[in-house]
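*Asks:* Chain residues, written in single-letter form:
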Amino acid sequence: TQLLKQSPQFLSIQEGENLTVYCNSSSVFSSLQWYRQEPGEGPVLLVTVVTGGEVKKLKRLTFQFGDARKDSSLHITAAQPGDTGLYLCAGVQVGSEKLVFGKGTKLTVNP
Amino acid sequence: NAGVTQTPKFQVLKTGQSMTLQCAQDMNHEYMSWYRQDPGMGLRLIHYSVGAGITDQGEVPNGYNVSRSTTEDFPLRLLSAAPSQTSVYFCASSYAPGSRGGYGYTFGSGTRLTVV
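As you go down the protein sequences, you meet chains H and E in turn. Mapping the first sequence onto the working numbering, position 34 (from 1) lands on 34, and the numbers just tick up by one. Take any residue in the second sequence, count from 1 to its spot, add 111: that is its number in the working numbering.
Mixed in with the good hints there might be a few duds.
[What the hints assert, rightly or not] Computed cross-link-like contacts, DSSO-like style, restricted to lysine-lysine with a CA-CA straight-line distance of at most 27 Å:
no.: 1; chain 1: E; residue 1: 120; chain 2: H; residue 2: 103
no.: 2; chain 1: H; residue 1: 106; chain 2: H; residue 2: 5
no.: 3; chain 1: E; residue 1: 120; chain 2: H; residue 2: 106
no.: 4; chain 1: E; residue 1: 120; chain 2: H; residue 2: 98
Honestly, the hints are just simulated from the structure, not real lab data.
Using the sequences and the hints, build the whole thing.
*Replies:* Structure follows, in structure tokens:
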């Protein structure tokens with residue numbers, strides 16, 4: 001059973017389009033994190049959200065933590081080819097010490 | 112500041128052989144974890160440690176052992192390699208979640224292991 005469900009699994013868009021990636025669970029998390037991974041490399045942390053309803057912005061990327069701390073979304077505005085990569089959500093359940101990952105969303109932005 | 116260093120970067124093993132994947136971090140992080148990444152499966156937690164001398168199992172611990180004798184090092188041992196253990200292995204470290212506002216993990220660059 002996948003604790004964190006990411007959707008969509010694959011996304012191919014044109015440069016300049018907007019997109020949203022979702023990360024959903026039935027469990028409550030003390031924190032949710034988003035990572036980006038490029039081929040042949042380890043994941044790199046983009047953001048951590050810890051407060052229900054929290055919104056964080058990183059240039060053209062907007063991250064939101066659900067009010068109930070069960071879900072999160074990543075929105076990219078005006079996507080660029082440099083945004084291409086695997087986006088992973090990960091979370092620490094309340095009462096746990098383990099960081100668990102969703103399966104990821106593979107994003108391709110075509111010029 | 113090297114971050115998280117994993118060695119080796121590539122390894123080919125024969126079925127039944129044993130080996131140790133090394134992981135070292137220089138950020139004084141309390142938490143360290145080992146993940147394996149397989150196509151379509153995402154990152155799955157093998158073992159983790161919340162401090163020196165403390166380890167616990169993750170989602171897929173069978174066939175692997177760990178120890179944490181120092182804060183810096185967290186080696187992963189494959190006891191008797193099997194083809195099902197062919198994967199990319201990542202080590203990661205972090206401050207204790209919540210201790211400094213929920214810091215995320217820093218990952219190494221991975222070890223690509225093939226078991227034939």
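*Asks:* Could you tell me which of the numbered hints above are not met by this structure, giving the numbers in increasing order?
*Replies:* none
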